[in-house]
Amino acid sequence: MKTRKIELGFTGPNMIPMIDIVFQLVMFFMIAITFENSKADERVKLPRDMLAKPPEVKPEHELVLNFGYQRDKNGNKINAVPTVFYNDRDFEVGELTRVLDAEKRVLEETQGRDVIEKVTVQIRADSEVANGLVQQLIKKCQDSGFTKVSVVDRGRKGL
Amino acid sequence: MKFANSTVPTKIVIPMAPMINVIFLLLIFSMLSMKIVSPEANFNINLPVTAPSHAQSHASLPVIKVGLESDRDGNLTQLTLGGTNLGNDEAAFDRLNKELLLLIGRPGHPHTKDIEVELDADYECQYQYVAKAISLCTGKSDPQTQQGARYVEKIKFAPPHKPKS
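So the sequence lines, in the order shown, correspond to chains A and B. Heads up, the first sequence is in this note's numbering, so the first residue is 1 and it goes up one at a time. Heads up, the second sequence is in this note's numbering, so the first residue is 1001 and it goes up one at a time.
Excised from the complex, chain A in its bound form (with noise of 0.2 Å):
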């Protein structure tokens, strides 16, 4: 008796839908992907609040004022008094004049002269911190010739 003889090709997986996947899946995490540039301090405990929102075009001049206690891991206190972390330093507010000064110093020579009026002064303050001595910090700014001066809060969730 005679037999039909099918011829077996590849039987392997087909891979083209998975590469397909696996692209799309590329593309988005490439896309979505930001590189950790914040000049954020996690030390710092932001208030909350409904209508803040994002600013809808990035200063092009900014600097970043983390102002907070120290914590432990716990998010504890371990200092009483309030410093300013910046540049992975701390300072106390009174000390902050000879820095701003100095950073003012870098961004004239660097940037021209008039750049100062550009700069955004964010001033990322930890909600426990006494509110005389926020105000001392924009005084601060604003005595070193920073004039635009804002305050930065954590937004509504979901944002």
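Bear in mind the hints are in silico, worked out from the structure with no lab data behind them. These figures come from a predicted structure and were not determined experimentally. Wrong hints could be hidden among the right ones.
Straight-line alpha carbon distances no greater than 25 Å define the calculated BS3-like cross-link-like pairs of lysine-lysine that follow [as the list claims (entries may be wrong)]:
hint, chain 1, residue 1, chain 2, residue 2
1, A, Lys139, B, Lys1156
2, B, Lys1162, B, Lys1140
3, B, Lys1065, A, Lys58
Chain A side only, calculated, beta carbon under 8 Å to chain B, not exhaustive [what the hints assert, rightly or not]:
hint, residue
4, Met30
5, Pro47
6, Leu107
7, Asp126
8, Val134
9, Gln135
10, Gly145
Heads up, the beta-carbon is just placed ideally off N, CA and C, and yes, glycines get one too.
Could you slot chain B onto chain A? The hints should help.
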């Protein structure tokens, strides 16, 4: 005449395995590097110099004064609007928002653009209360639609108090 190149064309198979390997590496790198960060926000207000000013901003629009008094630990003891005590709890901030709306009348109207609020907070008062007061002076957000209505654009701080000894 015979040509040397007389071989039968063969099907060239592109090896997929190295490409898949590289793509998987890219995928894993991207997935591990991705960090979901909640965006930070600001109040979209300009904070003027904290110097005492006796000049009225507008002849017909007096400055609305909001006061925040606190104990030595910075806890809010009294929230006031133009001398009226509104309390010191969560409801006090809602009352502040409602009273401000009554004072302003029509939010967003061109005449209300020049209205200015002066925040007069104690030195020790915790910044979270000040931030909340700033927020509720600037407007209100509908919790369902998340749409905000702007009341006041101009907010300034009163000259700072001295710390309680």
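Here is how each hint holds up against the structure:
1. With a CA separation close to 12 Å, the supplied pair Lys139/A and Lys1156/B stays within the 25 Å bound.
2. With a C-alpha separation of about 32 Å, the suggested pair Lys1162/B and Lys1140/B falls outside the 25 Å cut-off, and the hint is violated.
3. For the hint linking Lys1065/B to Lys58/A, the alpha-carbon distance of about 32 Å lies beyond 25 Å, and the restraint is violated.
4. Look at Met30/A: its Cβ gets to within about 5 Å of chain B, closer than 8 Å, so that hint holds up.
5. At about 4 Å, the closest approach between the beta carbon of Pro47/A and any beta carbon in chain B falls short of 8 Å, and the interface hint on this residue holds.
6. The closest approach between the C-beta of Leu107/A and any C-beta of chain B is roughly 20 Å, which is over the 8 Å cut-off, so the hint fails.
7. Given the 8 Å rule on beta carbons, the hint for Asp126/A holds: about 7 Å separates it from the nearest Cβ of chain B.
8. Residue-level restraint check for Val134/A holds (minimum Cβ-Cβ distance to chain B is 5 Å; threshold 8 Å).
9. Hint on Gln135/A holds. Least Cβ distance to chain B is approximately 4 Å, under the 8 Å limit.
10. Interface restraint check for Gly145/A: the shortest CB-CB distance to chain B comes to about 12 Å, outside 8 Å, so the restraint is violated.
The earlier numbered hints that this structure contradicts are 2, 3, 6, 10.
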